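Number of protein chains: 2
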Amino acid sequence: MSNDLQEINTNSAFTPFRGMGGLTADSVHVFAPATVANVVCGFDVLGFAVNEPGDEVVMRVKDTPGITISKITGDDGRLPLDPAKNTVSVSVQHYLNSIGRADIGLDIELHKKMPIGSGLGSSSASTVAGLYAIKTLMGDDRDPINLLPFAMKGEEMACGHGHADNVAPALLGGFVLIRSYEPLDVVRLPHPKDLWCAVVFPDVDVPTREARQIIRNKINMKDAVTQWGNIAGLVSGLFMQDIDLIGRSMKDVLVEPVRSMLIPDFYKMREIAMSNGAVSFGISGSGPSVFAFTRDEQTAKDITQKLQQHLTGLKIGSNTYVSTINDAGPRVIG
Amino acid sequence: MSNDLQEINTNSAFTPFRGMGGLTADSVHVFAPATVANVVCGFDVLGFAVNEPGDEVVMRVKDTPGITISKITGDDGRLPLDPAKNTVSVSVQHYLNSIGRADIGLDIELHKKMPIGSGLGSSSASTVAGLYAIKTLMGDDRDPINLLPFAMKGEEMACGHGHADNVAPALLGGFVLIRSYEPLDVVRLPHPKDLWCAVVFPDVDVPTREARQIIRNKINMKDAVTQWGNIAGLVSGLFMQDIDLIGRSMKDVLVEPVRSMLIPDFYKMREIAMSNGAVSFGISGSGPSVFAFTRDEQTAKDITQKLQQHLTGLKIGSNTYVSTINDAGPRVIG
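Residue numbers (full-length UniProt numbering), protein chains in the order written: chain A, 1 to 334; chain B, 1 to 334.
Mixed in with the good hints, there may be bad ones.
[Unchecked claim] With a Cα cut of at most 25 angstroms, we get these calculated BS3-like pairs of lysine-lysine: (1) B/301 with A/251; (2) A/222 with B/268; (3) B/222 with A/222.
[Said to hold, decoys possible] Here's a subset of chain B near chain A, in silico, CB distances under 7 angstroms, partners left out: (4) 44; (5) 177; (6) 218; (7) 225.
I should point out that these hints are in silico values taken from the structure, not numbers from a laboratory.
The model shown is predicted, which means the values in this text are computed figures rather than measured ones.
Every residue gets a Cβ at the ideal spot worked out from N, C-alpha and C, and that includes glycine.
Bound conformation, chain A alone:
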């Protein structure tokens, strides 16, 4: 995976960093959003950001060089405080090195406000919050796309592969297409404003690495044609603001049939969502979270409630989230 900034083709031009060379503040508090990757028919190339959940980073400038992590909350002790092993500090260090400011000292507090291993881009949200924090402190007013290669370094460490379908939407907000990885080519897609997203995280364990390993390496051309007809339909529907077309196109004949086996009662959950007004239903990232698109907030709320009830009946706890697509991406909250 290349992290050469020069290779990013985007609808935002790449801009070299011309910061003031100094820090603009002593500390900053940043939120970055959860993301839904794959989006049913866009395995490894599509993702979008939601308004909640998300992670928060508090970053403070220190007198001595180097990055420390003084506190992590909400992770049940699962994430490393060692800055050489934490995706947030590792990506921030890559950023500082790239702008020739490895002399800067930082302390990081990471507040996990979303479940780990949920398929909602948990590591991406943390990494993007950290990168947006240092960008803000450095007075780096370039398009956030310039942070993408550093965020991908974090993903490589967290998941064993430098994919961008969570970090790119977390960083840019909205709906994002990773047209190509080599060279990296990212396209921001529009979406209907009235598209709501209902997310349910069933509290079962589906590690990303294993979820990737069960995907078949060899597939049928016929199925691939079905899949790329659908992704072309989904992208058309996004541009045309055609929610019916979006719904018709969100079918996955390749990945979902395999990954759904790791998710409790996946097809029953789909039936519940679709019979209660969902436009589409599928796995978020590698699961176990699932999501539905709806045309309004109330339908999204009803669906999350019914899915949660169903999971409770299976003695499985769950978290639910309802939001529109988050066009802002990360933001400073203090």
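Please build the complex by placing chain B on the supplied structure of chain A, with the hints as guidance.
Okay, now just chain B, sitting in the frame of chain A:
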């Protein structure tokens, strides 16, 4: 392949035929355009129409029921005059049966104005010309999309498979996505107005059936992901009028590496086209025709001339065509 009209989802609503029940004229002369299917990264799902070449049908009402074909020109005797074996008469008969007017008698003249077996949708152009002719005679003012199932019957007969990536753009004009075959779901895509198309048909034989047979049935998931990133990029570029993105996205890692073997000096032709200002270059349909997108007419003309010269050097004759994308589809010319 379903030919149930009820199953067509399109951005034009399906409309039942409510014709006057009578014929509006004694005869009609129709042109229907050649088409470029696949469009590099959209194997089996994308196609667009060009302004030239194309085929013509003259249709005359007879006193006695049944369809006859009195004349075919430009086919070097390769096409059957037997109405039970000709794709034009077969699709027109399907249409007449569907509207309960099998009593109508017709005579057809087919004028092939384009090479057969060129990869330019030769049979589709003829079929669509025939269907548009009977539609016109019947005073059937519904959206031409309603003719698609009959045109696909013709394709099934001509090519052994009822694909729509030539007939749909020939019928509708413009750039067309076949999102799904079962059920049939066709999406009209926009395109930049200043996109020019240079087409070169090298006069060598590449039968469609054999060109399909050499395509691999099993492919790598990794290559499929590359392909659907590209088709999503191409569709985005069409909506965004972003010719650079269109060009970057038009790469085919799956079909072209195999089919290019059947085309004389394919990679040299690509090099000539790209070094002379083409936005993209690829195989039209199953070949042997190739096409390039350009930003203006002169570049398209220069490229066809240079490719023709190169083929002449290989002692291969060729036909060349330069046009914008044809948004009109079939038209009455007399």
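Hints versus structure:
With a C-alpha separation of about 42 angstroms, the suggested pairing of residue 301 of chain B with residue 251 of chain A is violated against the 25 angstroms cut-off. Of the pairs offered as hints, the one joining residue 222 of chain A and residue 268 of chain B is violated, with about 30 angstroms between alpha carbons and a cut-off of 25 angstroms exceeded. Note on residue 222 of chain B and residue 222 of chain A: the hinted pairing holds, with a Cα-Cα distance of about 15 angstroms set against a maximum of 25 angstroms. Because the beta carbon of residue 44 of chain B sits about 5 angstroms from the nearest beta carbon in chain A, less than 7 angstroms, this interface hint is met.
The interface hint given for residue 177 of chain B is met, as the beta carbon of that residue sits about 5 angstroms from the closest beta carbon of chain A, less than 7 angstroms. At its closest, the beta carbon of residue 218 of chain B sits 5 angstroms from a beta carbon of chain A; the interface hint therefore holds under the 7 angstroms criterion. Restraint check, residue 225 of chain B versus chain A: the minimum CB separation of about 5 angstroms is within 7 angstroms; hint holds.
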